[in-house]
Amino acid sequence: MVEKDSEKIYSFGYSFIMFTATLSIFIGKGSYIMFSLTQNDTIIAIILGFILSFITFYIVRYIINKNETNNIYELNENLFGSFLGKALNIIMAIGFYIISLVILYNMADFFNTEYLPETSVDYLKILVLLPLIYLSTKNLSTLIKTNQVFSIVSFIFIVFGFLGTFQELNITNIEPLFLSSKTSIIKSILTYFILFAVPLVMLLVTSKKNIKDSDRLNGNLLKVFIFTNVIFGLIILATILILGREYLSIFRFPEHISLKQFSLFNILERIENILALQYYFNCVGLLSFLYYFLINIMPKTRFRRYYSVLIALSQFIITNVIFKNTITFIEMLKGYFVYSVLIFIFIPLIATYCRLLVKRKNIT
Amino acid sequence: MRKYVIALILIVLCFNGLDNLRELSDLAIVRVIGIDYSEEDGYKVNVIVRDTTGKDNSEKGKIYEAQGKSVQEAVRYIVDESPKKLYIAHMQTLILSEKVAREKMENTLDFFIRDNEGSNNFYLFIAKENDVKDIIQTINEEKIDMKEMLLSSAKYRGNSNSYTLNDIIKDILRPGIDIIVNSCTLNNDKIEISDMAFFKSWNMLGFLDDEDSIIFNILNNNLENAIISVGEEDNLIVSEIISSKNNVKLDKEKNQVKMEINLDMNISETGKDIIIKTSETTDKIEEELEAEIKGRVDNAIFTMIDEYDTDLIGIGNLLYRKKDLLFNDSDYLKKVNIVTDVKVRILNQGGVIKKW
Numbered sequence: 000m001v002e003k004d005s006e007k008i009y010s011f012g013y014s015f016i017m018f019t020a021t022l023s024i025f026i027g028k029g030s031y032i033m034f035s036l037t038q039n040d041t042i043i044a045i046i047l048g049f050i051l052s053f054i055t056f057y058i059v060r061y062i063i064n065k066n067e068t069n070n071i072y073e074l075n076e077n078l079f080g081s082f083l084g085k086a087l088n089i090i091m092a093i094g095f096y097i098i099s100l101v102i103l104y105n106m107a108d109f110f111n112t113e114y115l116p117e118t119s120v121d122y123l124k125i126l127v128l129l130p131l132i133y134l135s136t137k138n139l140s141t142l143i144k145t146n147q148v149f150s151i152v153s154f155i156f157i158v159f160g161f162l163g164t165f166q167e168l169n170i171t172n173i174e175p176l177f178l179s180s181k182t183s184i185i186k187s188i189l190t191y192f193i194l195f196a197v198p199l200v201m202l203l204v205t206s207k208k209n210i211k212d213s214d215r216l217n218g219n220l221l222k223v224f225i226f227t228n229v230i231f232g233l234i235i236l237a238t239i240l241i242l243g244r245e246y247l248s249i250f251r252f253p254e255h256i257s258l259k260q261f262s263l264f265n266i267l268e269r270i271e272n273i274l275a276l277q278y279y280f281n282c283v284g285l286l287s288f289l290y291y292f293l294i295n296i297m298p299k300t301r302f303r304r305y306y307s308v309l310i311a312l313s314q315f316i317i318t319n320v321i322f323k324n325t326i327t328f329i330e331m332l333k334g335y336f337v338y339s340v341l342i343f344i345f346i347p348l349i350a351t352y353c354r355l356l357v358k359r360k361n362i363t
Numbered sequence: 000m001r002k003y004v005i006a007l008i009l010i011v012l013c014f015n016g017l018d019n020l021r022e023l024s025d026l027a028i029v030r031v032i033g034i035d036y037s038e039e040d041g042y043k044v045n046v047i048v049r050d051t052t053g054k055d056n057s058e059k060g061k062i063y064e065a066q067g068k069s070v071q072e073a074v075r076y077i078v079d080e081s082p083k084k085l086y087i088a089h090m091q092t093l094i095l096s097e098k099v100a101r102e103k104m105e106n107t108l109d110f111f112i113r114d115n116e117g118s119n120n121f122y123l124f125i126a127k128e129n130d131v132k133d134i135i136q137t138i139n140e141e142k143i144d145m146k147e148m149l150l151s152s153a154k155y156r157g158n159s160n161s162y163t164l165n166d167i168i169k170d171i172l173r174p175g176i177d178i179i180v181n182s183c184t185l186n187n188d189k190i191e192i193s194d195m196a197f198f199k200s201w202n203m204l205g206f207l208d209d210e211d212s213i214i215f216n217i218l219n220n221n222l223e224n225a226i227i228s229v230g231e232e233d234n235l236i237v238s239e240i241i242s243s244k245n246n247v248k249l250d251k252e253k254n255q256v257k258m259e260i261n262l263d264m265n266i267s268e269t270g271k272d273i274i275i276k277t278s279e280t281t282d283k284i285e286e287e288l289e290a291e292i293k294g295r296v297d298n299a300i301f302t303m304i305d306e307y308d309t310d311l312i313g314i315g316n317l318l319y320r321k322k323d324l325l326f327n328d329s330d331y332l333k334k335v336n337i338v339t340d341v342k343v344r345i346l347n348q349g350g351v352i353k354k355w
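Read top to bottom, the protein sequences are chains A and B.
Here the first sequence is numbered in numbering that gives the first Met the number 0, starting from 0 and rising by one per residue.
Here the second sequence is numbered in numbering that gives the first Met the number 0, starting from 0 and rising by one per residue.
In short, the hints are calculated from the structure, not lab data.
Positions of the beta carbon are idealized from the N, C-alpha and C atoms, including for glycine.
One or more of the hints may lead you astray.
Claimed, not checked - Listed next, the in silico EDC-like pairs over lysine to aspartate or glutamate satisfying Cα-Cα at most 20 Å (straight line): (1) A/Lys299 <-> A/Glu73; (2) B/Lys84 <-> A/Glu113; (3) B/Lys257 <-> A/Glu174; (4) A/Lys181 <-> B/Asp323; (5) B/Lys248 <-> A/Glu174; (6) B/Lys68 <-> B/Asp40; (7) B/Lys271 <-> B/Asp233; (8) B/Lys244 <-> A/Glu113; (9) B/Lys142 <-> B/Asp40; (10) B/Lys84 <-> A/Glu117; (11) B/Lys283 <-> B/Glu239; (12) B/Lys83 <-> A/Glu245; (13) B/Lys321 <-> A/Glu245; (14) B/Lys322 <-> A/Glu174; (15) B/Lys154 <-> B/Asp208; (16) B/Lys154 <-> A/Glu73; (17) B/Lys321 <-> A/Glu174; (18) B/Lys253 <-> B/Asp340; (19) B/Lys322 <-> A/Glu113; (20) B/Lys154 <-> B/Glu210; (21) B/Lys251 <-> A/Glu174; (22) B/Lys132 <-> B/Asp50; (23) B/Lys199 <-> A/Glu73.
As the list claims (entries may be wrong) - Partial list, derived from the structure: chain B residues whose beta carbon lies under 8 Å from chain A: (24) Ser118; (25) Lys169; (26) Leu172; (27) Ile226; (28) Lys248; (29) Tyr319; (30) Arg320; (31) Lys322.
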């Protein structure tokens, strides 16, 4: 499967991996952690986190530009040698696996809480996993194209959705700012900074040589990076202005609740349902890239085509064992998720960058 | 591989596990819910369900009644009478008894906030001096649309507001603000929108009178239209507020909250001695109206602080938002200096220069 990347990828579609991944990694997960820490000060945390994320963005862009032929796995093996490189890849793969577990359970939990409370969470997980197994049979360019379509449709609906809630925006809800402690605000900024490494690392799924219009890559990456942060910031700002500091704190999915206020001339209502569907597509989009990463680290045997089934099955079982219910999931999400991303994704990324930097300096 | 996946999807779809699947014909679409409480019987729920049998085009529905230890239990026990499970996503009105509003508001509303189907954009009423059951029966018998009735009252009378449950919960959760909720009552077997109920935190304390309901709507920027009269008989001036805006400002140094109330009004009726010909006359009327409204506003604020001991205009919330330390004082309402300033602008005299 997957390995055939004969079809060329365009830089615009490739850059949009960031957009989809950001929405899936933050909505209901990252934003929930940040809202729990800083309520309406979350918007400050996002602005500062965005500025800080330029560091990660620069690192990823440097890796993409200075390493034109390898994806992150191949690059690690080149830089660190076979043993250390593989070890680093396995650490990253563990990170991808943990993220996919969290996304899978969170998505099933979302649909269970908001739409299908009488339906088994297991059944919902199967409904998510089946298309993923199918998507895993596709090559990277198809995944990227599918992802681009999801992103554009998502963006249109997000804009439409929040325009419809315009009259519900109450500017006084932003006050009082800086009521959260300095520690909480710093934690919230770091949460954004660390979690934003995930959408950026997703870009290392392939190398620059596979991108057809690579001369436009840097510009498109920067544009989509800024665009993604601005859109996500606006979603959070709208949620705060609609619900207010205290009301948003009581909900598990405040972004979704804020969209329930949508009403266009009292004719068109409940657009949150369409956006929930978009959220599903975004999550499936990110999961498909995570599966791609996971499959690519596994040995190339004749059973390779069944790897996606194996991963899906293991995730089904492990989510059942680890996340016994929503409360356990929330506790683990708040307690360990950011640290997992830090240890398994962020630090290996920094290690790769530093090694690449040193190697290039030695060459010159 | 692909055929296995397609086969799996088909299997999943055939053995449909989406337990929430309900056909439209299986839904009992709720229009109004009324809730009462007593220590002996627990929660008593009366529900008007839309008649979807198609036999009658009227808005008259079926009433179901059940009781239980919790709202959820009572609502679920309705299944004993109705073969369909209640569907509250399109509910328009929730009516609570005074007992519930005074003692059980928090527990009662929890059920609705948690419910995933609805969006909490329905209207809440307190049943003033009447049984919820009687009000529910009258609504059904008279085919009354409570939502329309409330919105008309808010729009043309000004003695109610168009807050949905969402707005009410938001205000309850906000520090330093207490809520005002619409009420309804039976008058000669007819439903009418009545005086607004005022709360401290989750508990109802009493009802405002009609005049204070209008004043608090002005102070909370919820007023669309209302009639204010000054003078009597031959000197009577009846004017209509067509827009109102209350700008509230905090002066931390002076420990002062200043309310600048700007009202645009039209003259709609006058006694025979009131002749409006010159701008001086208009100025004089504006001054009279300003004095009258300021008197009412000051009186309402005084009553709120000294009699009700509740913060219906969100003074505390302003202190909280502006991080004024006075907010931490439980007696902040008595310590803050509230200054009001009313400015009336008469825009129209009805196009009549009286000569009879």
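>> For each hint given before, does the structure comply? Return the numbers of the non-compliant ones in rising order.
In response: 8, 9, 12, 16, 19, 23, 27, 28
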